[in-house]
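Based on the provided sequences and hints, a complete structural model is requested.
Each chain, letter by letter, is given below.
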Amino acid sequence: MTGASELPGEPVPLGGRHANKVVDSVATALEPLRDGMTILVGGFGLSGNPEALIRGVVERGVKELTLVSNNAGNLGKGLATWLRAGIIKKVVCSYIGNNEDLHTRMASKAVEVEIVPQGTLAERMRAAGAGIPAFFTPTGVGTVVEDGKETREIDGRRYILERALAGDVALVRAQTSDHFGNLRFWRTARNFNPVMATAAKLAIVECDSLVEDGAIAPDDVHLPGIFVHRILHVPEHENAFEYRTVRPR
Amino acid sequence: MTYSTEDMARRAAREIPAGSIVNLGIGLPTQVADHLPSGHAWLQSENGLLGMGPFPFEGDEDPNLINAGKQTVTVLPGGSTFDSASSFAMIRGGHVDLAILGAMQVSAGGDLANWAVPGGKTMGIGGAMDLASGCRRVIVLMQHTTKKHEFKLVQKCDYPLTATRVVSLVITELGSFEPTGHGFRIIELAPGVTRETAEGATGAPLVDA
Numbered sequence: 001m002t003g004a005s006e007l008p009g010e011p012v013p014l015g016g017r018h019a020n021k022v023v024d025s026v027a028t029a030l031e032p033l034r035d036g037m038t039i040l041v042g043g044f045g046l047s048g049n050p051e052a053l054i055r056g057v058v059e060r061g062v063k064e065l066t067l068v069s070n071n072a073g074n075l076g077k078g079l080a081t082w083l084r085a086g087i088i089k090k091v092v093c094s095y096i097g098n099n100e101d102l103h104t105r106m107a108s109k110a111v112e113v114e115i116v117p118q119g120t121l122a123e124r125m126r127a128a129g130a131g132i133p134a135f136f137t138p139t140g141v142g143t144v145v146e147d148g149k150e151t152r153e154i155d156g157r158r159y160i161l162e163r164a165l166a167g168d169v170a171l172v173r174a175q176t177s178d179h180f181g182n183l184r185f186w187r188t189a190r191n192f193n194p195v196m197a198t199a200a201k202l203a204i205v206e207c208d209s210l211v212e213d214g215a216i217a218p219d220d221v222h223l224p225g226i227f228v229h230r231i232l233h234v235p236e237h238e239n240a241f242e243y244r245t246v247r248p249r
Numbered sequence: 001m002t003y004s005t006e007d008m009a010r011r012a013a014r015e016i017p018a019g020s021i022v023n024l025g026i027g028l029p030t031q032v033a034d035h036l037p038s039g040h041a042w043l044q045s046e047n048g049l050l051g052m053g054p055f056p057f058e059g060d061e062d063p064n065l066i067n068a069g070k071q072t073v074t075v076l077p078g079g080s081t082f083d084s085a086s087s088f089a090m091i092r093g094g095h096v097d098l099a100i101l102g103a104m105q106v107s108a109g110g111d112l113a114n115w116a117v118p119g120g121k122t123m124g125i126g127g128a129m130d131l132a133s134g135c136r137r138v139i140v141l142m143q144h145t146t147k148k149h150e151f152k153l154v155q156k157c158d159y160p161l162t163a164t165r166v167v168s169l170v171i172t173e174l175g176s177f178e179p180t181g182h183g184f185r186i187i188e189l190a191p192g193v194t195r196e197t198a199e200g201a202t203g204a205p206l207v208d209a
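Residue numbers (the working numbering), protein chains in the order written: chain A, 1 to 249; chain B, 1 to 209.
Calculated from the structure, these hints are not laboratory results. If you're wondering where the values come from, they're calculated on a predicted model, not measured in any experiment. Accuracy of the hints is not assured; some may be wrong.
To be verified - Result set (DSSO-like, lysine-lysine): computed pairs, CA atoms no more than 27 Å apart in a straight line:
id : chain 1 : residue 1 : chain 2 : residue 2
1  : A       : LYS149    : B       : LYS156
2  : B       : LYS121    : A       : LYS109
3  : A       : LYS90     : B       : LYS121
4  : A       : LYS77     : B       : LYS121
5  : A       : LYS149    : B       : LYS121
6  : B       : LYS121    : A       : LYS89
Unchecked claim - Counterexamples of contact, computed for chain A against chain B with all Cβ distances above 10 Å:
id : residue
7  : LYS21
8  : GLU64
9  : GLU150
10 : ASP213
11 : ARG244
Claimed, not checked - With the C-beta cut set under 10 Å, the calculated list includes, among others, these residues of chain A facing chain B:
id : residue
12 : ASP24
13 : GLY48
14 : ASN71
15 : THR143
16 : PHE180
17 : VAL195
Think of the CB as a built atom: it goes at the ideal place given N, C-alpha and C, for glycine as much as any other residue.
Here is the structure:
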C-alpha cells in the first residue's frame, strides 16, 4: 500500500518540487493552470494582490475557474478583470461591498457566488493546509450559513461543521522571497496570502524583492518555503488605493 | 435633544475598560477611536492589524496598510501585523474583549442582524459573524430607527441574522438599552429624551433600569 494512493484527488508526485523554483516570466509561472481549476488568490480588497499573476491568468486563456478570494477585486481592478473576461464559473468570497462587476454577474447568474464568513474562509484554508478535513465552529450558528450543514452540540454550545477548502493553485503576493521561497510580507498586505499558499497543491509567489538564500534570517521568515513552488520576481506594482484616508499635518 | 453621532461615539468609548482589545466595525463605530485617550486600548482590525493608529498624515499613506474598511491607517508603537487565519484565531478564540458594531436590527433576545437587507443588494458577510460570535462582548452602535422610521430594536429580527444572543448593549441617539430577553432595559436616555419618545421608537417593551 502506497501512501500517495490514500490521498484524495490527483496524487502529487513525490519530491522534486523544491529545486529551481524561480521562473523568469509570468507565462512560465502560470503554465500549470488548466480550465476548471480552483484558484486561491491572496489579497484583501486591492491590498496585497499578486498583480502580474492576476493579469497573466487572463492572458493565459484558461476559463471555467473557481476563484477563492476575500473580495474578488473592486473598482474594475484586480480580480474584477477576471469577472470582466468571463473566465470565472464560481466565486467563493466573504464580502462583495461595492464590487459592481460581481454584483451584476451574481444577479444575472453568470457567476455562482458562495459567501463565507471571513474567519471561516481563512480557517477552511488553514485546515486544508494542515490536513484537517473539517472542523466545528460557532460562527454562523442560527444564520443562513448553517443551512444544509451538520451541527453538533459540544459542552452545551451548538457548532457548525465546516469543510476544509483546498485549491489547485494559489497566487500569492509577498514583499520578499529568497530562492527557496521563504517569504516575508509587508504590513496588512499579508492577509490571506500565507494561508492560501498552504492550502494549494501548487503555490506561485509574486515577490517585490528576490534575495539570496540566507538573506532572510531563519527567525524572520513569515512563511517557510516548503509551502511555495514557483517564484516570480516583479519589482513594480500599482498597489492601488481603495479609500485614501488622511489627516492634515 | 438626542445624542449626536459624536455623543454616541463618546458614550460607546466609555464602555471600553483600559487595557482592552477592541474591534470597531465599519462606519459609525470607527469614530469611537476618536474618543479614546492615547494608549487606553488596542484596536484590532480583522484584515491583520493589532495596534491600529489614526489615519496617516497626508503623503504618508500606504495602500498596503489599511483597516477592514480598506481605508489607509497607521500602526502604533507596539502594534503588529499578521495573516487572516491568525487574525480570526484572535477573534474566534475569544482573545478580543469587545466588538462595537453597526446593525440593521437587534432583538430583545440580543440577536444581531447587520449584514443583509431582505430583497436588497447582498454586500456580504465579511468578518461580522466571526466578530459577533467570537468576541467576549458585543455592543451595537446605531440609529434607533431606519430613515423610514421603522423599528430597529425589535422583538424578533426579520432581517437575516448575523448571530443569536450576542448583543449586550445598544447605544442609539435616544440613549443606551440592554436586551433582556423580553424587551430592552433602559440604561439611560439622552438628555431631554422622554420615556414615551423611546417607547414610540422601539418595537419591543422598555423596562426601567
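Beyond 10 Å on every Cβ pair: is that true for A/ARG244 relative to chain B? violated, 6 Å
So, A/ASP24 near chain B? Judge it on the closest CB pair being under 10 Å. Constraint on A/ASP24 not satisfied, violated at 25 Å.
With a cut-off of 10 Å on the beta carbons, see whether A/ASN71 makes it to chain B. holds, 8 Å
The hint names A/GLY48 as touching chain B; please verify it with the least Cβ-Cβ distance against 10 Å. holds, 6 Å
Regarding the pair A/LYS90 and B/LYS121, is the alpha-carbon distance no greater than 27 Å? holds, 18 Å
With the threshold set at 27 Å, check whether the alpha-carbon distance from A/LYS149 to B/LYS156 stays at or below it. Roughly 24 Å separates the two Cα atoms, so the pair holds.
Between A/LYS77 and B/LYS121, is the straight-line Cα distance small enough, at 27 Å or below? holds, 21 Å
Taking 10 Å as the limit, does the beta-carbon of A/THR143 come near enough to a beta-carbon in chain B? holds, 5 Å
Just double-check A/LYS21 for me: nearest Cβ-Cβ distance to chain B has to come out over 10 Å. Non-interface label on A/LYS21 holds, nearest chain B Cβ at 21 Å vs cutoff 10 Å.
Agreement of hint A/PHE180 with chain B interface, Cβ distance less than 10 Å: This hint is violated: A/PHE180 lies away from chain B, its Cβ roughly 20 Å from the closest one there, beyond 10 Å.
For A/LYS149 and B/LYS121, compute the direct alpha-carbon distance and say whether it is at most 27 Å. The hint holds at about 25 Å.
Does A/LYS109 lie within 27 Å of B/LYS121 when you go C-alpha to C-alpha? It holds: about 14 Å lies between the C-alpha atoms, which stays within 27 Å.
Of the numbered hints given earlier, the model fails hints 11, 12 and 16; all others are met.
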